[in-house]
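K.L.:
Using the sequences and the hints, build the whole thing.
Residue numbers (the working numbering), protein chains in the order written: chain X, 1 to 320; chain U, 1 to 320; chain R, 1 to 320; chain C, 1 to 320.
I should point out that these hints are in silico values taken from the structure, not numbers from a laboratory.
For clarity, every value in this text was computed on a predicted model and none was experimentally measured.
Glycine included, each C-beta is placed from N, C-alpha and C at the ideal position.
Hints should not be assumed to be uniformly reliable.
Straight-line alpha carbon distances no greater than 20 angstroms define the calculated EDC-like cross-link-like pairs of lysine to aspartate or glutamate that follow [as the list claims (entries may be wrong)]:
no., chain 1, residue 1, chain 2, residue 2
1, R, 150, C, 287
2, R, 284, C, 214
3, R, 150, C, 214
4, C, 284, R, 149
5, X, 141, U, 288
6, C, 51, R, 149
7, X, 51, X, 214
8, C, 141, C, 124
9, U, 140, X, 213
10, R, 218, U, 133
11, U, 218, R, 283
12, X, 22, X, 237
13, U, 150, X, 213
14, X, 140, U, 63
15, C, 167, C, 283
16, X, 218, C, 214
17, C, 218, X, 237
18, C, 150, R, 213
Now the stretches of chain U that chain X is said to cover, found in silico as 3 or more residues with beta-carbon under 8 angstroms [claimed, not checked]:
no., segment
19, 180 to 188
20, 249 to 263
Computed list of chain C residues with no C-beta within reach of chain X, every gap over 10 angstroms [to be verified]:
no., residue
21, 6
22, 11
23, 51
24, 72
25, 84
26, 89
27, 132
28, 167
29, 187
30, 189
31, 218
32, 221
33, 256
Number of protein chains: 4
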Amino acid sequence: MNHEEVPLLTDILKDAPKNWGKWGPDDEVGCLNYLTSAEVLRGIQSVRSGKVFTLGVPIGHPDGDPIWPGRRQAQRFNIRDRGDYLAGAGVNYPGGGQDADDLIIMALQGSTQYDALGHFWAGDQVWNGYPAEITAGGLKKASIFPLADKGIVGHAVLIDMARFRNKPVLGRGETFTHLDLLAAAQAQGVTISKRDILIVRTGWIGSYYSTPDEVFYKDFLEPGLTYSPELLNWFHEMEIPNLSTDTIANEVTVDPESGAILPLHVALMRNLGITMSEILALDKLAEDCAADGQWDFLYSAGPLKIWNGTGAPVNPIVIK
Amino acid sequence: MNHEEVPLLTDILKDAPKNWGKWGPDDEVGCLNYLTSAEVLRGIQSVRSGKVFTLGVPIGHPDGDPIWPGRRQAQRFNIRDRGDYLAGAGVNYPGGGQDADDLIIMALQGSTQYDALGHFWAGDQVWNGYPAEITAGGLKKASIFPLADKGIVGHAVLIDMARFRNKPVLGRGETFTHLDLLAAAQAQGVTISKRDILIVRTGWIGSYYSTPDEVFYKDFLEPGLTYSPELLNWFHEMEIPNLSTDTIANEVTVDPESGAILPLHVALMRNLGITMSEILALDKLAEDCAADGQWDFLYSAGPLKIWNGTGAPVNPIVIK
Amino acid sequence: MNHEEVPLLTDILKDAPKNWGKWGPDDEVGCLNYLTSAEVLRGIQSVRSGKVFTLGVPIGHPDGDPIWPGRRQAQRFNIRDRGDYLAGAGVNYPGGGQDADDLIIMALQGSTQYDALGHFWAGDQVWNGYPAEITAGGLKKASIFPLADKGIVGHAVLIDMARFRNKPVLGRGETFTHLDLLAAAQAQGVTISKRDILIVRTGWIGSYYSTPDEVFYKDFLEPGLTYSPELLNWFHEMEIPNLSTDTIANEVTVDPESGAILPLHVALMRNLGITMSEILALDKLAEDCAADGQWDFLYSAGPLKIWNGTGAPVNPIVIK
Amino acid sequence: MNHEEVPLLTDILKDAPKNWGKWGPDDEVGCLNYLTSAEVLRGIQSVRSGKVFTLGVPIGHPDGDPIWPGRRQAQRFNIRDRGDYLAGAGVNYPGGGQDADDLIIMALQGSTQYDALGHFWAGDQVWNGYPAEITAGGLKKASIFPLADKGIVGHAVLIDMARFRNKPVLGRGETFTHLDLLAAAQAQGVTISKRDILIVRTGWIGSYYSTPDEVFYKDFLEPGLTYSPELLNWFHEMEIPNLSTDTIANEVTVDPESGAILPLHVALMRNLGITMSEILALDKLAEDCAADGQWDFLYSAGPLKIWNGTGAPVNPIVIK
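P.N.:
Written as structure tokens, this is what we have:
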């Protein structure tokens with residue numbers, strides 16, 4: 001399909017559900033409002049063994065980091081270390097202490113990260129109807145800060161689509177729907193309940209570290225959820241607060257039906273206010289869930305509180 | 001006291017307890033080994049109401065960020081936003097989606113952060129006896145990565161020293177000891193148990209936002225815990241896995257007795273392997289604990305998984 | 001005067017002379033077109049003694065660098081040096097060579113620099129009538145690149161306004177006009193000829209290094225040339241290709257008559273296409289000119305060829 | 001040859017000539033001392049037509065920039081531009097002026113640049129015998145600053161080795177000696193005189209822009225001058241102040257005889273104090289020299305005055 005023939009997301013989604021105004025005109029956290037203390041306690045109650053998993057990927061891995069095409073790899077530099085002390089250029093701390101210090105330059109969405117609700121939009125408005133102009137020079141509304149300040153804590157369910165389809169990793173552009181999620185949940189013996197934090201594994205990010213860059217990024221097309229009005233209704237009615245996956249963009253890169261890029265960023269995040277975290281490391285967690293049969297757990301994520309940020313890196317924690 | 005007369009930390013601490021080798025020659029997480037599943041479950045069991053608190057400070061706050069003298073303020077820049085789209089310079093995403101994206105330059109210890117165990121040392125060795133040369137160009141051992149990969153999760157107790165001393169904030173260079181912590185705990189009606197994550201509030205970081213820089217940084221001297229052999233023994237015997245405070249360096253900047261800088265970084269972190277997180281925002285949490293009388297809770301922290309990093313920013317989460 | 005009462009520069013300058021289109025619709029170097037080979041040779045012919053002066057200021061000076069309020073100081077970091085080799089972390093070059101390497105983060109207009117012709121404008125158009133939208137995300141037209149690719153070489157005259165007024169440095173907001181330049185030239189015994197590169201000393205940047213920051217930047221108001229229709233006509237008729245000064249913005253910060261900020265950036269640079277270099281170190285050169293009575297010379301400047309840049313650092317060279 | 005069998009540069013060069021101490025124990029500019037006013041005037045006298053050439057390569061070129069393997073590409077970002085003004089997020093300058101501003105992150109040796117004399121060494125000492133420890137954390141001696149402060153101005157000769165060998169570009173690892181330079185000079189009809197600035201064209205950097213990265217960088221091995229005792233004597237006796245080429249490192253990457261990396265960096269720069277500029281754009285200049293038969297000219301270069309820098313970017317200027 002030619003680029004020009006792709007319909008506008010504002011047209012595709014003109015009848016799609018929206019939560020704008022639902023939590024007042026000043027809301028900046030969207031469906032995180034669903035994560036009440038009751039939901040937090042539901043997460044707590046799902047903990048059984050006390051096993052802990054961290055879901056962030058390495059930043060500055062020697063093999064490179066998986067990153068959306070066009071963003072740059074993070075650069076970390078030592079500012080001071082043992083070498084400076086050996087060369088007589090360390091800090092002369094009374095008592096003789098020595099230290100190492102460093103600095104990083106990184107895209108705020110260049111690793112495991114939360115998107116600000118105002119990070120992606122269609123038309124002239126972002127989440128809750130704020131004019132898109134609030135993004136200029138830094139997000140004055142719907143930035144990552146309110147999400148990070150609140151924290152994302154609740155009861156989560158992991159759906160392992162790769163395992164369900166008997167593959168180590170879903171294929172380039174391979175799609176699935178909410179019905180597939182439900183079928184996989186049934187196969188796993190777990191129930192997706194209202195207000196559950198949804199975590200979906202495709203195997204994609206895990207495959208990065210054993211895939212040459214020229215293959216991983218070639219005709220970049222991630223697997224993932226794909227748009228349909230029914231899928232939107234399901235997320236809406238289920239009051240899903242948060243969607244997290246082990247891909248860079250949480251949905252199939254290009255909607256195979258319309259040709260549009262990232263329609264779910266608009267439909268789920270901008271319209272419904274569902275928070276998204278991306279580039280999660282899910283392989284070890286999935287392995288463990290498959291082993292002990294427990295696919296639900298407490299999820300807690302504290303993205304960095306970047307003032308005006310379009311997103312922020314995060315290392316989410318799962319307690320089973 | 002003259003700088004030259006300050007005794008060396010290696011001498012001051014020559015009989016101090018060490019946990020080197022306790023968890024094998026390859027250990028990089030130190031006292032986090034104490035945080036077994038049993039400790040995680042003890043944290044889970046302390047949750048009552050489902051209230052959530054995030055302990056990170058803002059990064060890029062308009063009033064500036066509290067930072068150790070000599071480090072630079074973080075710089076965040078938009079790479080793309082609504083302005084680019086208005087000016088015809090946005091990305092031409094099929095379907096008409098638009099996005100905002102940004103980048104940050106920051107000291108990895110320039111905000112609420114975890115220190116790598118190898119970040120500070122005295123003599124020629126860092127935690128577990130690794131030669132200090134492992135820090136050159138990036139920490140090849142005892143970096144932040146293993147701490148971040150494991151995550152810091154357990155049962156925590158907040159001790160509010162400022163409140164105990166009836167002050168909004170402790171004074172410049174004001175010190176306290178483990179005995180003061182115990183007295184404050186008693187006054188709060190909470191018990192510090194073996195393997196508890198210890199969080200101490202001084203009011204210092206909270207005061208930053210209402211204090212002019214020229215006052216906050218003048219003759220920079222933070223309040224905090226101060227060294228004594230008895231204090232070391234207490235931390236050692238209590239198997240405290242982690243110390244977190246609302247100061248930049250978790251201890252009084254200069255030991256008033258010896259004149260040495262940061263002896264507890266050496267005695268607790270480098271020798272015992274106790275992890276440290278610093279620059280926490282504790283005022284709201286303390287307010288709530290004082291109100292409901294619950295000073296213990298589940299603490300979970302996922303510093304960013306910076307490869308070879310000397311530390312990493314973090315936004316810890318407390319669930320009460 | 002209230003901010004709201006300040007007239008628009010587009011109104012103030014509605015009858016001001018413009019060189020748009022003079023060198024064709026695709027021109028990006030403006031009055032540098034005046035610097036023909038004949039002008040270069042005129043510069044060459046002014047050389048007498050072979051003395052050389054460099055006009056850049058230090059970048060990363062321990063006392064800080066003079067910079068427009070709001071821009072950040074440059075940060076330079078060693079990536080590798082002797083310390084790494086001592087610590088066994090250097091590069092293992094066959095033959096045993098060792099090296100030091102570094103990196104800089106700097107505002108492209110954060111030191112002695114040339115402005116791109118498209119760097120400053122009023123209304124909807126930049127130099128030569130290009131729509132201001134060409135600046136979005138990087139200057140697609142009238143960037144620093146064409147200026148840097150051409151180079152700025154010609155016959156230059158130094159006018160020392162501070163010396164003319166018997167002051168080490170002009171006062172905060174002190175102004176002067178083309179008539180003052182002419183009077184000073186006469187006092188110096190030098191003639192400003194058509195197509196001369198004009199260099200004006202105020203003493204301002206030189207004073208930075210002995211002035212506390214809180215004084216230098218307080219109510220920031222640099223001395224400099226001030227707008228009048230007559231001044232514009234003089235620059236226009238004299239076909240001045242380039243204006244360089246030892247201030248950060250080459251003109252009095254606020255026009256005392258209208259209250260407008262930087263009218264000459266619009267009138268001289270955007271309308272006439274006169275290139276501007278700023279933050280020059282002129283004290284040593286002026287001292288020498290006063291001593292030997294030679295106030296004209298060959299000037300050559302090669303700003304860095306930054307693709308799409310709004311400006312670029314430079315270290316101009318004078319040969320007398 | 002195995003890496004271990006490569007002899008040490010300190011052994012290879014143990015009898016090589018050195019200029020240490022020749023200009024006093026505090027010298028930091030080495031052979032630039034040869035560039036007296038007389039040499040500057042000799043350069044001036046070689047100017048005939050007034051043609052100007054700039055020798056810097058683009059920084060941030062859309063096709064990438066040629067860079068030593070391991071260094072990172074420069075990143076330039078707009079901080080503010082027309083988009084911000086359209087979105088209502090510009091600066092509210094009285095009078096309505098608008099501006100574009102940007103920032104760069106770059107390796108200081110990541111483009112056309114001058115090496116500091118202390119940038120590369122063998123053994124324990126850099127230029128003039130300063131201990132290599134002066135490089136730790138920033139070059140305290142023999143940094144780029146003194147070179148930049150002095151400027152590099154003199155009479156230069158271009159030797160076009162590619163043209164002499166009838167090739168568009170020399171081959172991977174292709175070498176030449178001072179005798180080849182002399183033969184090429186003779187063929188060009190130009191004489192290399194004592195104290196001439198030497199500029200050598202190989203075609204290498206010019207080829208970068210039409211060569212895929214995987215070819216350009218594969219088994220990275222640049223063509224260039226190659227070490228011999230006779231070559232050192234020639235440079236020494238000719239009092240060559242400066243060597244500039246259109247390669248990244250000014251000499252064949254690996255000495256084919258010894259297997260050592262960059263012996264001339266040690267022999268010419270560290271031992272003799274000859275300044276080096278690298279990554280020059282020489283194709284247009286060479287084309288012009290071939291056309292008019294004038295291969296000598298005035299050369300002036302003003303590297304940025306980076307405090308403590310290991311090198312600095314530069315855009316040299318040639319006037320014929």
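K.L.:
Indicate, hint by hint, whether the structure satisfies it.
P.N.:
Verification of the hints:
1. 150(R) to 287(C): Judged against 20 angstroms, a Cα distance of about 16 angstroms means the pair holds.
2. 284(R) to 214(C): 49 angstroms, violated
3. 150(R) to 214(C): 31 angstroms, violated
4. 284(C) to 149(R): With Cα atoms ~11 angstroms apart, residue 284(C) and residue 149(R) stay inside 20 angstroms; holds.
5. 141(X) to 288(U): Distance ~27 angstroms between residue 141(X) and residue 288(U) Cα, so the pair is violated.
6. 51(C) to 149(R): Holds, at roughly 13 angstroms.
7. 51(X) to 214(X): It is violated: about 37 angstroms lies between the C-alpha atoms, which goes past 20 angstroms.
8. 141(C) to 124(C): 14 angstroms, holds
9. 140(U) to 213(X): Measuring from Cα to Cα gives roughly 25 angstroms; hence the hint is violated.
10. 218(R) to 133(U): Violated, at about 46 angstroms.
11. 218(U) to 283(R): This hinted pair is violated, its Cα atoms lying about 35 angstroms apart.
12. 22(X) to 237(X): Distance of about 14 angstroms is within 20 angstroms: holds.
13. 150(U) to 213(X): 28 angstroms, violated
14. 140(X) to 63(U): Holds, at about 16 angstroms.
15. 167(C) to 283(C): 13 angstroms, holds
16. 218(X) to 214(C): 16 angstroms, holds
17. 218(C) to 237(X): Given pair residue 218(C), residue 237(X) is violated - Cα atoms ~56 angstroms apart, limit 20 angstroms.
18. 150(C) to 213(R): 28 angstroms, violated
19. 180 to 188: Violated: only 0 residues of the segment 180 to 188 of chain U have a Cβ under 8 angstroms from chain X.
20. 249 to 263: Result for this restraint: holds, n = 8.
21. 6: Label holds. Min Cβ-Cβ 24 angstroms, cutoff 10 angstroms.
22. 11: Fine: 24 angstroms to the nearest Cβ keeps residue 11(C) off the interface.
23. 51: With a cut-off of 10 angstroms, residue 51(C) remains clear of chain X, as the shortest Cβ separation is near 39 angstroms.
24. 72: Incorrect as stated: the minimum Cβ-Cβ distance to chain X is 6 angstroms, not above 10 angstroms.
25. 84: The claim breaks: residue 84(C) does not keep its Cβ more than 10 angstroms from every Cβ of chain X (closest is about 5 angstroms).
26. 89: At about 4 angstroms from chain X, residue 89(C) fails to clear the 10 angstroms cut-off, so the statement is violated.
27. 132: 8 angstroms, violated
28. 167: 31 angstroms, holds
29. 187: 44 angstroms, holds
30. 189: 48 angstroms, holds
31. 218: Given a closest Cβ separation of 14 angstroms, the condition holds.
32. 221: 23 angstroms, holds
33. 256: 31 angstroms, holds
Consistency with the previously given hints fails for numbers 2, 3, 5, 7, 9, 10, 11, 13, 17, 18, 19, 24, 25, 26, 27, ordered from lowest to highest.
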